[in-house]
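Protein chains in written order, with my numbering: chain A, 1 to 242; chain B, 243 to 484.
Derived from the structure by calculation, the hints contain no laboratory data.
Remember, it's a predicted structure, so these values are computed and weren't measured experimentally.
By construction, the Cβ of each residue, glycine as well, lies at the ideal position given by its N, Cα and C atoms.
Watch out, some of these pointers could steer you wrong.
Under 7 Å between C-beta atoms, here's a sample of chain B residues computed to sit facing chain A [to be verified]:
#1 C270
#2 G277
#3 E425
#4 E436
#5 S441
Ranges of calculated distance between the beta carbons of each label pair, as one might list FRET restraints [claimed, not checked]:
#6 B:D398 / A:P95: 53 to 61 Å
#7 B:I351 / A:G88: 56 to 64 Å
#8 B:L472 / A:R57: 34 to 42 Å
#9 A:R57 / B:I392: 54 to 62 Å
#10 B:D303 / A:D111: 45 to 53 Å
#11 B:N382 / A:S129: 26 to 34 Å
#12 A:A22 / B:D303: 24 to 32 Å
#13 B:L368 / A:M96: 54 to 62 Å
#14 B:I392 / A:S129: 22 to 30 Å
Once the Cα atoms are required to be at most 25 Å apart in a straight line, the calculated SDA-like pairs of lysine to any residue come out as [stated by the list, open to error]:
#15 B:K260 / A:A22
#16 A:K18 / B:R405
#17 A:K18 / B:I351
#18 B:K260 / A:V131
#19 B:K451 / B:L400
#20 A:K209 / B:I351
#21 B:K412 / B:F393
#22 A:K231 / B:N413
#23 A:K211 / B:R432
#24 B:K453 / B:F393
#25 B:K260 / A:D49
Number of protein chains: 2
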Amino acid sequence: MPKTAGIILVGNEILSGKIVDANASYLCRELRALGVEVRRISVIPDEVDLIALEVARFSADYDVVFTSGGVGPTHDDVTIEGVARAAGVAVVRHPMLVALLEAYYRDAITDAALKMAEIPEGAELLSDSSVRFPTILMGNVYVLPGVPEIFRRKFDALRERFRDQPIFLKNVFVSISEGSIAEQLTALVREYPELLCGSYPEFSNPEYKVKITLESRDLAFLDRALAELLKRLPADSIVRVA
Amino acid sequence: MPKTAGIILVGNEILSGKIVDANASYLCRELRALGVEVRRISVIPDEVDLIALEVARFSADYDVVFTSGGVGPTHDDVTIEGVARAAGVAVVRHPMLVALLEAYYRDAITDAALKMAEIPEGAELLSDSSVRFPTILMGNVYVLPGVPEIFRRKFDALRERFRDQPIFLKNVFVSISEGSIAEQLTALVREYPELLCGSYPEFSNPEYKVKITLESRDLAFLDRALAELLKRLPADSIVRVA
Chain A
1 MPKTAGIILV GNEILSGKIV DANASYLCRE LRALGVEVRR ISVIPDEVDL
51 IALEVARFSA DYDVVFTSGG VGPTHDDVTI EGVARAAGVA VVRHPMLVAL
101 LEAYYRDAIT DAALKMAEIP EGAELLSDSS VRFPTILMGN VYVLPGVPEI
151 FRRKFDALRE RFRDQPIFLK NVFVSISEGS IAEQLTALVR EYPELLCGSY
201 PEFSNPEYKV KITLESRDLA FLDRALAELL KRLPADSIVR VA
Chain B
243 MPKTAGIILV GNEILSGKIV DANASYLCRE LRALGVEVRR ISVIPDEVDL
293 IALEVARFSA DYDVVFTSGG VGPTHDDVTI EGVARAAGVA VVRHPMLVAL
343 LEAYYRDAIT DAALKMAEIP EGAELLSDSS VRFPTILMGN VYVLPGVPEI
393 FRRKFDALRE RFRDQPIFLK NVFVSISEGS IAEQLTALVR EYPELLCGSY
443 PEFSNPEYKV KITLESRDLA FLDRALAELL KRLPADSIVR VA
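Sequences are here, hints too, so could you generate the full structure?
Here is the structure:
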């Protein structure tokens with residue numbers, strides 16, 4: 001069965017408009033290229049009860065879950081505790097993480113910084129030579145940091161774990177409006193119910209008015225559906241196929 | 243009581259990484275400036291059952307709800323039906339919207355285009371001279387389109403409806419790491435439990451290492467909390483306050 005994913009962004013700073021998230025959009029693009037279907041993104045506040053509920057729900061609903069943010073040493077970093085509560089386990093300090101933090105901070109380590117050595121009991125630590133600090137995996141939940149550079153580095157170190165059958169995509173650009181192609185698209189998805197078909201109008205593009213997207217994991221099926229669509233559309237409305 | 247908001251983005255194209263959403267980040271910034279607290283953002287697929295569940299939940303949990311996307315004439319535009327199901331009402335064709343569409347398309351109107359005249363039964367239509375097409379309001383749910391230019395124009399026409407007591411913000415930039423200020427922040431939020439306090443590390447900024455944000459709707463309270471924080475931090479660690 002193809003893999004599904006859910007993404008939870010823990011971030012008051014996103015909800016309050018202070019920053020624009022870059023991690024979910026990155027992850028959606030990367031996972032799609034790997035053949036993984038992202039089914040839901042939630043952005044929630046830095047509140048441990050909300051995080052616990054959301055992680056439990058996502059963990060049950062999707063094959064893999066990614067959290068972003070809330071893993072530093074300060075009072076508002078409560079993702080680890082939320083993930084632990086979702087799994088019904090305690091938060092414990094991991095000796096290897098303590099050693100890594102002590103090496104990093106040398107003599108200046110504080111109790112607060114040692115918070116970053118905490119993991120949900122029973123979590124795995126995924127290490128790799130390309131990242132300084134391992135990634136925490138609790139059940140099917142990957143706990144990633146909010147800082148985009150580190151988020152990407154950590155995901156990139158893990159990416160091959162998620163590779164699945166590719167999802168193939170064809171784009172058809174047309175010069176007529178959505179209202180003029182809607183009936184053809186409805187007929188197409190009725191005939192090809194397994195087809196993923198999207199229709200995206202453009203209001204300020206001189207080249208085309210609508211981009212139609214057709215997707216499937218089955219390339220031969222996709223080609224048949226594409227041929228059928230091209231037959232149904234007025235020939236002079238097709239700007240290009242890509 | 244201060245207003246809370248939730249945002250639902252209906253968008254396969256976001257989940258599949260084809261486009262990066264611009265509407266939620268716009269709305270978070272604008273609503274915050276108006277004094278409205280966004281509590282949750284969900285990005286979900288163009289599937290009517292999922293939309294109905296999410297809209298019903300958000301509508302119960304937050305004072306106002308905004309949906310973005312899924313309101314065109316094609317098979318994948320199912321937001322109106324989802325909002326109607328969430329409210330337990332039928333979808334009906336509104337005569338004023340039919341007239342507007344007929345005027346817009348002139349003789350070329352199709353049955354599919356008339357789908358854009360559909361609303362959940364009992365919804366209000368909010369008109370304004372600055373937008374061509376009214377906005378649908380069903381209970382506390384504002385139904386907005388996904389196209390960013392139109393989304394913004396429609397929101398801007400409505401914005402004064404949402405104005406509440408402002409949320410004041412102070413930023414403190416410090417030159418020491420999060421691990422070194424965590425204890426002071428924990429003590430501060432213990433003493434000022436109503437304070438919204440965030441801590442955001444920067445790993446590649448030469449000017450500072452952490453931005454601390456303090457927020458409240460009560461300016462005098464905020465000033466007291468700020469003075470307390472500045473007293474607690476090492477004086478030579480404070481880069482600037484803004």
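Cross-check of the supplied hints:
1. C270: holds (4 Å)
2. G277: Violated, about 11 Å.
3. E425: holds (5 Å)
4. E436: violated (14 Å)
5. S441: Cβ of S441 of chain B sits 4 Å from chain A, so the hint holds.
6. B:D398 / A:P95: 53 to 61 Å: For D398 of chain B and P95 of chain A the Cβ distance comes to about 55 Å; the hint holds.
7. B:I351 / A:G88: 56 to 64 Å: holds (57 Å)
8. B:L472 / A:R57: 34 to 42 Å: Hint holds: Cβ distance 41 Å, inside 34 to 42 Å.
9. A:R57 / B:I392: 54 to 62 Å: At roughly 33 Å between Cβ atoms, I392 of chain B and R57 of chain A fall outside 54 to 62 Å, so the hint is violated.
10. B:D303 / A:D111: 45 to 53 Å: violated (36 Å)
11. B:N382 / A:S129: 26 to 34 Å: Given range 26 to 34 Å: violated, Cβ gap about 52 Å.
12. A:A22 / B:D303: 24 to 32 Å: Given a distance of about 27 Å, which is inside 24 to 32 Å, the answer is holds.
13. B:L368 / A:M96: 54 to 62 Å: holds (58 Å)
14. B:I392 / A:S129: 22 to 30 Å: Since I392 of chain B and S129 of chain A have Cβ atoms about 48 Å apart, the given range 22 to 30 Å is violated.
15. B:K260 / A:A22: Roughly 14 Å separates the two Cα atoms, so the pair holds.
16. A:K18 / B:R405: holds (18 Å)
17. A:K18 / B:I351: Violated, because 43 Å separates the two Cα atoms, which is more than 25 Å.
18. B:K260 / A:V131: Since the Cα atoms of K260 of chain B and V131 of chain A sit roughly 28 Å apart, the hinted pair is violated (cutoff 25 Å).
19. B:K451 / B:L400: violated (39 Å)
20. A:K209 / B:I351: holds (16 Å)
21. B:K412 / B:F393: violated (30 Å)
22. A:K231 / B:N413: Cα-Cα ~60 Å, so violated.
23. A:K211 / B:R432: violated (53 Å)
24. B:K453 / B:F393: Given that 25 Å is the threshold and the Cα spacing comes to 32 Å, the pair is violated.
25. B:K260 / A:D49: violated (32 Å)
Hint compliance for this structure: hints 2, 4, 9, 10, 11, 14, 17, 18, 19, 21, 22, 23, 24, 25 are broken, all remaining hints hold.
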